[in-house]
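*Asks:* Residue numbers (our numbering), protein chains in the order written: chain F, 1 to 164; chain Z, 1 to 80.
Accuracy of the hints is not assured; some may be wrong.
As the list claims (entries may be wrong) - Simulated pairs of lysine to aspartate or glutamate, EDC-like, Cα-Cα distance not exceeding 20 Å:
# : chain 1 : residue 1 : chain 2 : residue 2
1 : F       : K92       : F       : D77
2 : F       : K159      : Z       : D46
3 : F       : K159      : F       : D131
4 : F       : K92       : F       : E61
5 : F       : K159      : F       : D129
6 : F       : K159      : Z       : E59
7 : F       : K92       : Z       : D69
8 : F       : K104      : F       : E135
9 : F       : K144      : F       : D131
I should point out that these hints are in silico values taken from the structure, not numbers from a laboratory.
Since this is a predicted model, take the numbers as computed values, not measurements.
Residue-level listing of the chains:
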Amino acid sequence: MESAPRYLDILEILARHQVEHIVVGGVAAILEGAPVSTFDLDIVPNPAPENRQRLLAAVRELEARYLDPAGRHLVPDEAKLATLRMHQLLTKAGPLDVLATIGKAMTYEHLVGRTHERMVGNLSVRCLDLDAVIESKEQANRDKDRAALPILRRTLELKRQRGA
Amino acid sequence: MQGRGFGQDGLLYHQPMSRKATHRNGHEPSPPPETPLAPPGSGPDDALILWMLSLTPTERLAVAQGFVDSTYALRNGKRS
Chain F
1 MESAPRYLDI LEILARHQVE HIVVGGVAAI LEGAPVSTFD LDIVPNPAPE NRQRLLAAVR
61 ELEARYLDPA GRHLVPDEAK LATLRMHQLL TKAGPLDVLA TIGKAMTYEH LVGRTHERMV
121 GNLSVRCLDL DAVIESKEQA NRDKDRAALP ILRRTLELKR QRGA
Chain Z
1 MQGRGFGQDG LLYHQPMSRK ATHRNGHEPS PPPETPLAPP GSGPDDALIL WMLSLTPTER
61 LAVAQGFVDS TYALRNGKRS
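Using the sequences and the accompanying hints, generate a full structural model.
*Replies:* In structure tokens form, the structure reads like this:
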């Protein structure tokens with residue numbers, strides 16, 4: 001039986017392994033105050049080799065395997081993390097997407113200047129700013145992205161009005 | 001009080017929720033303000049957004065976690 005994603009558990013393990021990453025996508029939008037839902041955690045890690053090693057240790061602790069339509073048991077390794085652009089993982093704490101880019105080609109280096117540290121429980125989480133979340137979803141332009149855009153844009157408007 | 005729930009399109013709507021979001025430390029986020037509800041289909045619900053903005057990031061994540069917990073409980077045929 002599939003268990004519900006536990007966002008905080010994943011974030012805690014990433015933090016314990018000191019994985020430098022940006023929380024993007026739906027969870028970033030939620031942390032920024034948008035009332036939307038999501039069923040996975042999306043991150044963009046720092047692609048530096050030493051960070052990739054930390055990420056590998058974290059996903060191993062999370063018992064991650066690739067979401068594989070053929071049902072094969074494929075696990076992340078250093079070569080896959082170094083070469084593949086998108087890792088749709090199933091972990092013991094729920095789905096985790098590890099992305100090299102979001103939108104059209106927004107990399108960690110492009111994004112890191114558009115983030116803020118948010119305290120979530122005892123964790124400091126680097127979270128993509130809402131305007132950048134909106135931009136990434138405009139660029140991705142999938143049905144689910146377009147569906148969420150009106151509420152994301154209105155949330156941003158209200159945040160700005162409040163000076164938040 | 002009427003609760004809030006998420007629709008299949010991933011947006012929150014005014015629907016009864018089966019369970020309140022709860023922090024790991026047992027605290028619950030503050031309840032939504034008693035504001036008039038926007039008519040269905042009239043666009044984003046400002047009252048709901050303002051309520052979400054009034055929460056801390058920890059509380060916001062707890063709201064989202066409560067929703068996924070409830071959804072999975074329903075999917076798995078359990079009471080949440």
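*Asks:* Could you run down the list of hints and mark each one as holding or not?
*Replies:* These are the hints, each one checked on the structure:
1. For the given pair, K92 of chain F sits about 17 Å from D77 of chain F by alpha-carbon distance, which is consistent with the 20 Å threshold.
2. Proposed proximity of K159 of chain F and D46 of chain Z is supported: the alpha carbons are some 11 Å apart, at most 20 Å.
3. With a C-alpha separation of about 11 Å, the suggested pair K159 of chain F and D131 of chain F falls inside the 20 Å cut-off, and the hint holds.
4. Restraint check: the Cα-Cα separation between K92 of chain F and E61 of chain F comes to about 9 Å, which is no more than 20 Å; the hinted pair holds.
5. Restraint check for K159 of chain F and D129 of chain F: satisfied, since their Cα atoms lie roughly 12 Å apart, inside the 20 Å limit.
6. Of the pairs offered as hints, the one joining K159 of chain F and E59 of chain Z holds, with about 17 Å between alpha carbons and a cut-off of 20 Å not exceeded.
7. The hinted pair formed by K92 of chain F and D69 of chain Z meets the criterion: a straight-line CA distance of about 15 Å does not exceed 20 Å.
8. A distance of roughly 10 Å separates the Cα atoms of K104 of chain F and E135 of chain F; the hinted pair therefore holds under the 20 Å criterion.
9. Simply put, K144 of chain F and D131 of chain F have alpha-carbon atoms about 17 Å apart, close enough for the 20 Å limit, and the pair holds.
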